[in-house]
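When we follow my numbering, the leftmost residue of the first sequence carries the number 1, and every step to the right adds one.
To be clear, the hints were calculated from the coordinates, so they are not data collected in a lab. Everything hinted at is true.
With a cut-off of at most 25 Å between alpha-carbon atoms, the simulated SDA-like pairs for lysine to any residue come out as follows:
no.: 1; residue 1: K40; residue 2: S80
no.: 2; residue 1: K12; residue 2: L105
no.: 3; residue 1: K104; residue 2: E217
Cβ pair distances, simulated, as ranges:
no.: 4; residue 1: K12; residue 2: Q72; range: 53 to 61 Å
no.: 5; residue 1: K12; residue 2: I92; range: 29 to 37 Å
no.: 6; residue 1: W126; residue 2: D378; range: 30 to 38 Å
no.: 7; residue 1: K66; residue 2: R243; range: 45 to 53 Å
no.: 8; residue 1: Y421; residue 2: S314; range: 14 to 22 Å
no.: 9; residue 1: R243; residue 2: Y221; range: 19 to 27 Å
no.: 10; residue 1: I161; residue 2: E217; range: 23 to 31 Å
no.: 11; residue 1: K423; residue 2: K216; range: 40 to 48 Å
no.: 12; residue 1: E102; residue 2: K216; range: 16 to 24 Å
We treat Cβ as the ideally placed atom computed from N, Cα and C, and that holds for glycine.
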Amino acid sequence: MLRTSFIRKNRKKVLFGLSKRKFHKIHLIDEILILDQKKKKVQYILNKISEKENLISKKISHLILKRGNSLQINSLKEESIFFKKKKKDLNIEFKNIVQNLEEKLNQIPNIPDEKIKEKNTEDAVWSPNNRTTTKTIEEALPHWELSKKFHLFSSDLGTKICRSGFSVYLGKVAKLQRSLIQYFLDQNIRASYLEYSLPYLINEMSVYATGQIPDKEDQMYFIEKDNLYLLPTGEVPLMNCFRDNLFTYKDLPVRATTYTSCFRRESGSYGSKVRGINRLHQFEKVEIIQITTPDTSYYYLDEMISHIKKILRSLEFPFRLIRLSGTDLGFSSAMTYDFEVYSIGQKKWLEVSSVSNCTNFQSNRLHLRYKTMTGEIDLCHTLNGSALALPRIMAALLENNQTKNQINIPKVLIPYTGFDYIK
RNA sequence: GGAGAGAUGGCCGAGAGGCUUAAGGCGCACGCUUGGAAAGCGUGUUCACAAAAAAAGUGUCAAGGGUUCGAAUCCCUUUCUCUCCGCCA
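Throw the hints in and build the complete structure from the sequences for me.
Dropping the structure here:
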């Protein structure tokens with residue numbers, strides 16, 4: 001959520017930023033500013049009335065203690081009742097304004113960074129080791145064909161016990177998945193991220209604070225009986241661990257990682273996109289987050305990117321990095337990079353990580369603040385990234401390491417799996 | 001799920017309708033003292049709100065309502081914590 005004070009001081013900047021997103025409800029900005037003015041006015045009057053009420057109470061108190069005359073006391077009481085009635089009506093008005101203001105503010109996404117353009121040109125894509133993508137395997141099979149050949153996973157079983165869009169991993173692939181999770185966590189911990197093991201059910205406040213409500217409400221599974229959501233990403237419970245924290249500048253950056261399953265309804269996704277394990281309702285993901293000071297957030301964004309690059313290189317993936325354009329940017333993000341790995345069997349790039357700087361957009365709702373060296377209080381910046389999302393990494397790993405008779409395991413994983421091929 | 005007891009500042013802890021502007025302690029910061037440190041003494045120390053820097057103001061004792069001229073204190077609702085019973089990996 002943007003701060004109204006920011007919108008007031010940077011109206012043009014906000015409008016320009018929103019235009020890069022092709023955000024159409026621009027009229028909201030001026031409506032917000034008008035409501036904000038109204039709110040201040042009403043709040044000021046309410047304050048003055050409260051001040052008067054407090055003074056009267058004190059006078060009464062003194063009179064009672066000094067055994068003052070009851071006529072005087074009664075007239076003071078009547079005066080106070082008069083103000084009280086006035087306040088009641090104003091209070092209703094005030095609450096309406098606040099609610100209205102919040103509803104409008106909730107619809108405004110974060111302002112993209114200055115570097116972000118509305119549409120991407122070639123320079124937004126960066127392929128550090130493009131030549132490896134030219135590596136070809138004769139008759140490379142997509143992972144669903146490989147699965148038939150080597151008994152890797154079963155979508156039928158997923159459908160049998162749940163519904164379509166759920167998958168069951170078998171034998172060595174099940175262990176390979178555990179190994180990948182363990183490997184990613186180890187890499188993150190080594191890079192000084194603290195591991196958290198978290199609940200998969202989250203309350204409304206948490207979902208609201210990180211910005212999934214109202215933006216992605218329909219993407220989430222909701223348990224009506226207990227008023228809880230299934231987490232769409234580990235970012236939500238992880239970030240919310242820090243909700244309402246007031247840090248000192250010495251505490252920052254906070255670095256945390258978690259492995260969770262993620263649940264997404266993915267309504268409206270059909271066809272080739274959901275083939276095999278490319279897109280599932282439940283998938284495994286290892287997430288990293290950081291909470292930083294405003295002046296260091298882009299430095300740490302770069303650092304997260306090199307961290308993920310390192311992991312992808314160690315697994316010998318051909319990958320590319322894309323800086324998202326304004327129109328592709330997520331609701332809370334000011335800058336996002338997507339990592340895509342090349343999957344030889346499908347002959348296409350698969351998104352395996354999304355790394356974002358949400359600047360102070362999430363911090364505002366999460367009340368993540370810190371004290372500067374001079375003792376001032378300011379909002380933190382938040383960053384999040386996948387390190388990494390499992391099913392697509394798995395798909396690409398299986399496809400890229402296939403030979404005619406077996407699937408080879410990348411070297412760094414063998415200590416985790418205990419085997420070096422699947423056949 | 002049933003029965004009871006609780007929730008006060010960074011932490012501990014008093015307060016039970018108006019002399020609370022939340023006692024006292026710990027911690028922290030600064031100062032005095034010292035050759036330096038410890039001890040001692042002094043000062044300060046929640047957060048939020050606006051054109052809000054200073055002075056003043058308003059709100060803030062788990063959250064939201066209510067009673068009252070006046071609520072940390074009384075009433076209602078909700079959330080959370082603890083103890084006991086029940087169920088249970």
